[in-house]
Amino acid sequence: MANPFVHVELQTTDLKKARDFYSRLFDWKLEDAPVPGFGTYTMVGVGEGTGGGMMAAQSKEVPSHWLAYVDVSDVASATRKAKELGAKVVVDSMPVADMGKFSIIEDPTGAHLGLWQNTRK
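Each residue of the sequence shown is one higher than the one before, starting from 1 at the first, in our numbering.
Please note that the accuracy of each hint is not assured.
As the list claims (entries may be wrong) - Keeping only pairs whose Cα atoms sit at most 25 angstroms apart, straight-line, the calculated BS3-like set for lysine-lysine is:
| id | residue 1 | residue 2 |
| --- | --- | --- |
| 1 | Lys29 | Lys16 |
| 2 | Lys81 | Lys101 |
| 3 | Lys101 | Lys29 |
| 4 | Lys101 | Lys88 |
| 5 | Lys60 | Lys88 |
| 6 | Lys60 | Lys17 |
| 7 | Lys16 | Lys60 |
| 8 | Lys29 | Lys17 |
| 9 | Lys81 | Lys60 |
Stated by the list, open to error - Label-pair ranges, simulated between beta-carbon atoms:
| id | residue 1 | residue 2 | range |
| --- | --- | --- | --- |
| 10 | Lys81 | Phe5 | 12 to 22 angstroms |
| 11 | Arg24 | Thr119 | 20 to 30 angstroms |
| 12 | Ala33 | Trp66 | 14 to 24 angstroms |
| 13 | Glu84 | Phe21 | 18 to 28 angstroms |
| 14 | Asn3 | Val46 | 12 to 22 angstroms |
| 15 | Lys17 | Gly51 | 14 to 24 angstroms |
| 16 | Thr13 | Val70 | 19 to 29 angstroms |
| 17 | Ala2 | Glu61 | 18 to 28 angstroms |
| 18 | Glu84 | Glu48 | 34 to 44 angstroms |
Hints are computed from structural coordinates only; laboratory data are not their basis.
Ideal placement from N, C-alpha and C gives every residue a C-beta, glycine not left out.
Based on the provided sequences and hints, a complete structural model is requested.
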């Protein structure tokens, strides 16, 4: 399948409480990873299937939420195309250490979606 969902991310107002809840609810492997210039990012290993991560919300005005990411071959091109099709660019293409690049768009209906380009392929 082209453009599968590859990552889901929890942005939360209380990372400690979220970690405790999800580690007790599911058999997920939670592993903190320091990200230079950002702080700590908690990787979520689910075994089989799409994994993800958890992080502290970047704004106090935004409630806790899960965000799905879709795999794209070129995040800058996919972001431009989304904008041409009526999306709002919430976060433009940004690198994530040596792992990849991402952007976040808001589709014409108001739904948010992350785009992910793996640069480790």
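Structure-based check of each hint:
no.: 1; hint: Lys29 - Lys16; verdict: 15 angstroms, holds
no.: 2; hint: Lys81 - Lys101; verdict: 16 angstroms, holds
no.: 3; hint: Lys101 - Lys29; verdict: 24 angstroms, holds
no.: 4; hint: Lys101 - Lys88; verdict: 18 angstroms, holds
no.: 5; hint: Lys60 - Lys88; verdict: 21 angstroms, holds
no.: 6; hint: Lys60 - Lys17; verdict: 16 angstroms, holds
no.: 7; hint: Lys16 - Lys60; verdict: 16 angstroms, holds
no.: 8; hint: Lys29 - Lys17; verdict: 16 angstroms, holds
no.: 9; hint: Lys81 - Lys60; verdict: 30 angstroms, violated
no.: 10; hint: Lys81 - Phe5: 12 to 22 angstroms; verdict: 18 angstroms, holds
no.: 11; hint: Arg24 - Thr119: 20 to 30 angstroms; verdict: 34 angstroms, violated
no.: 12; hint: Ala33 - Trp66: 14 to 24 angstroms; verdict: 19 angstroms, holds
no.: 13; hint: Glu84 - Phe21: 18 to 28 angstroms; verdict: 40 angstroms, violated
no.: 14; hint: Asn3 - Val46: 12 to 22 angstroms; verdict: 20 angstroms, holds
no.: 15; hint: Lys17 - Gly51: 14 to 24 angstroms; verdict: 21 angstroms, holds
no.: 16; hint: Thr13 - Val70: 19 to 29 angstroms; verdict: 25 angstroms, holds
no.: 17; hint: Ala2 - Glu61: 18 to 28 angstroms; verdict: 35 angstroms, violated
no.: 18; hint: Glu84 - Glu48: 34 to 44 angstroms; verdict: 36 angstroms, holds
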